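Engineer: Read off the chains here:
There are 2 protein chains.
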Amino acid sequence: MDIAIPLFDRITALDAIGPYEVLSRLPGYRVRFVAVKAGPYKTDKQLTLIADVPLSAVPHPEILMVPGGFGTRELMTPNPLLDWIKAAHETTQWTTSVCTGSLLLGAAGLLKGLEATTHWSAMDDLAKLGAKPVETRVVVQGKIVTAAGVSSGIDMALMLAAKIAGDDVAQAIQLGIEYDPQPPFNAGSPSKAPAHILEGLRARMRERTAASR
Amino acid sequence: MDIAIPLFDRITALDAIGPYEVLSRLPGYRVRFVAVKAGPYKTDKQLTLIADVPLSAVPHPEILMVPGGFGTRELMTPNPLLDWIKAAHETTQWTTSVCTGSLLLGAAGLLKGLEATTHWSAMDDLAKLGAKPVETRVVVQGKIVTAAGVSSGIDMALMLAAKIAGDDVAQAIQLGIEYDPQPPFNAGSPSKAPAHILEGLRARMRERTAASR
Numbered sequence: 001m002d003i004a005i006p007l008f009d010r011i012t013a014l015d016a017i018g019p020y021e022v023l024s025r026l027p028g029y030r031v032r033f034v035a036v037k038a039g040p041y042k043t044d045k046q047l048t049l050i051a052d053v054p055l056s057a058v059p060h061p062e063i064l065m066v067p068g069g070f071g072t073r074e075l076m077t078p079n080p081l082l083d084w085i086k087a088a089h090e091t092t093q094w095t096t097s098v099c100t101g102s103l104l105l106g107a108a109g110l111l112k113g114l115e116a117t118t119h120w121s122a123m124d125d126l127a128k129l130g131a132k133p134v135e136t137r138v139v140v141q142g143k144i145v146t147a148a149g150v151s152s153g154i155d156m157a158l159m160l161a162a163k164i165a166g167d168d169v170a171q172a173i174q175l176g177i178e179y180d181p182q183p184p185f186n187a188g189s190p191s192k193a194p195a196h197i198l199e200g201l202r203a204r205m206r207e208r209t210a211a212s213r
Numbered sequence: 001m002d003i004a005i006p007l008f009d010r011i012t013a014l015d016a017i018g019p020y021e022v023l024s025r026l027p028g029y030r031v032r033f034v035a036v037k038a039g040p041y042k043t044d045k046q047l048t049l050i051a052d053v054p055l056s057a058v059p060h061p062e063i064l065m066v067p068g069g070f071g072t073r074e075l076m077t078p079n080p081l082l083d084w085i086k087a088a089h090e091t092t093q094w095t096t097s098v099c100t101g102s103l104l105l106g107a108a109g110l111l112k113g114l115e116a117t118t119h120w121s122a123m124d125d126l127a128k129l130g131a132k133p134v135e136t137r138v139v140v141q142g143k144i145v146t147a148a149g150v151s152s153g154i155d156m157a158l159m160l161a162a163k164i165a166g167d168d169v170a171q172a173i174q175l176g177i178e179y180d181p182q183p184p185f186n187a188g189s190p191s192k193a194p195a196h197i198l199e200g201l202r203a204r205m206r207e208r209t210a211a212s213r
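These protein sequence lines map, in sequence, to chains A and B. Each residue of the first sequence is one higher than the one before, counting from 1 in our numbering. Each residue of the second sequence is one higher than the one before, counting from 1 in our numbering.
Bound conformation, chain A alone (with noise of 0.2 angstroms):
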């Protein structure tokens, strides 16, 4: 059973990788790198993803996981990868996103009147494209699931893996991948980091998303 990932660029990495990596360990399914043309995909960083097949490759996969990415932006408007979604989602068991992946789904007209996450940063964006946007790390609707911002697609994957798998299986996975989270700082939410360093950053997005429009 195939789990696609689609790539394009300026994917961010770890919205990807984190589901990748405790999605590629459920017995019977395997990964397969999507996108417009198999080959390489550079992401908002210096690294380089490799989609392993065109889109038209993996017309029905049974689980769908759309990573985010300030390249979203450039994927608002009609394309062939949010046809790809589109059509495949009609056929999947699972329809996911993580971070600003959850904008190409609502692009794609999945999330009309649904509730849905995102980056904290694109909440607004999400409204527009007809969700009702949820400030929760993991939000299920049906078959459609969406997680917040990059590293909540960890979460969101063990979740799956015991929907699909059970929790003997999903436990396993954490403790293969020592999911026991430490992080040195209490600053992961907009609710929890400190007020100057949210508006720091907000303000820093706000201009990196403008510039990818």
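Note that these hints are calculated values from the structure, not bench results. Don't take every hint at face value.
As the list makes no split between identical chains, a pair holds if one copy fits it or if it spans any two.
Stated by the list, open to error - Pairs of lysine-lysine, DSBU-like flavour, derived with a Cα cap of 30 angstroms:
id, residue 1, residue 2
1, 163, 45
2, 143, 86
3, 42, 163
4, 86, 112
Remember, predicted model here, so these are calculated numbers, not experimental data.
Assemble chain B onto chain A, guided by the hints.
Structural biologist: For chain B alone, coordinates are given in the frame of chain A:
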């Protein structure tokens, strides 16, 4: 300033990409993925990662970050990667590892008599290399910083970001990647996982490690 992350066949993707996602956001630094030869390296699952340049192109990185994976077991005897690690360490500001990456630091002779950590399943192997294994998520010994299994590299990199650039920068990075972990289970370390999960996984990992030697 350069952050060098060496790649090799059968590395664990998240070992590298967790710290990459944090450290690539450090102002003034750039991440270089290096390897014996530039080009594609297959991780322990489906993903392929690309080394941008050969080891010789980055002889003096300010930060060295060595990821782990089953592929480390084939690199325990003298080889060009260990030679490069040993030489690079002489001029680094920080020499770091995630998961069984510490076995490579050990095989390069850098951990003799030092406390260090690794994936929970590899503590015995670490002891054989002259280190004093400690079951702690991140261990700092002078400029050498070792982290536990796979996902621990995110915590390690945030700690390192704070040491290098201060608490405000580290907290802004944590907020940027929305690292507010909420794992659905509390099974991420040997002391927390249910006994039957631990024993089952330990047996499977022993088999796989033996097959890697």
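Engineer: Confirm or reject each hint.
Structural biologist: Verification of the hints:
In this assembly of identical chains, the alpha carbons of residue 163 and residue 45 lie at most 30 angstroms apart only when taken from different copies (22 angstroms versus 33 angstroms within one copy). In this assembly of identical chains, the alpha carbons of residue 143 and residue 86 lie at most 30 angstroms apart only when taken from the same copy (14 angstroms versus 50 angstroms across copies). When the C-alpha separation of residue 42 and residue 163 is checked against a cutoff of 30 angstroms, the pair qualifies only between copies, where the shortest distance is 29 angstroms, while the shortest distance within a copy is 32 angstroms. Proximity of residue 86 to residue 112 under the C-alpha cut-off of 30 angstroms is restricted to the intra-copy arrangement: shortest distance 13 angstroms within a copy versus 56 angstroms between copies.
The structure is consistent with each of the numbered hints, conforming to all of them.
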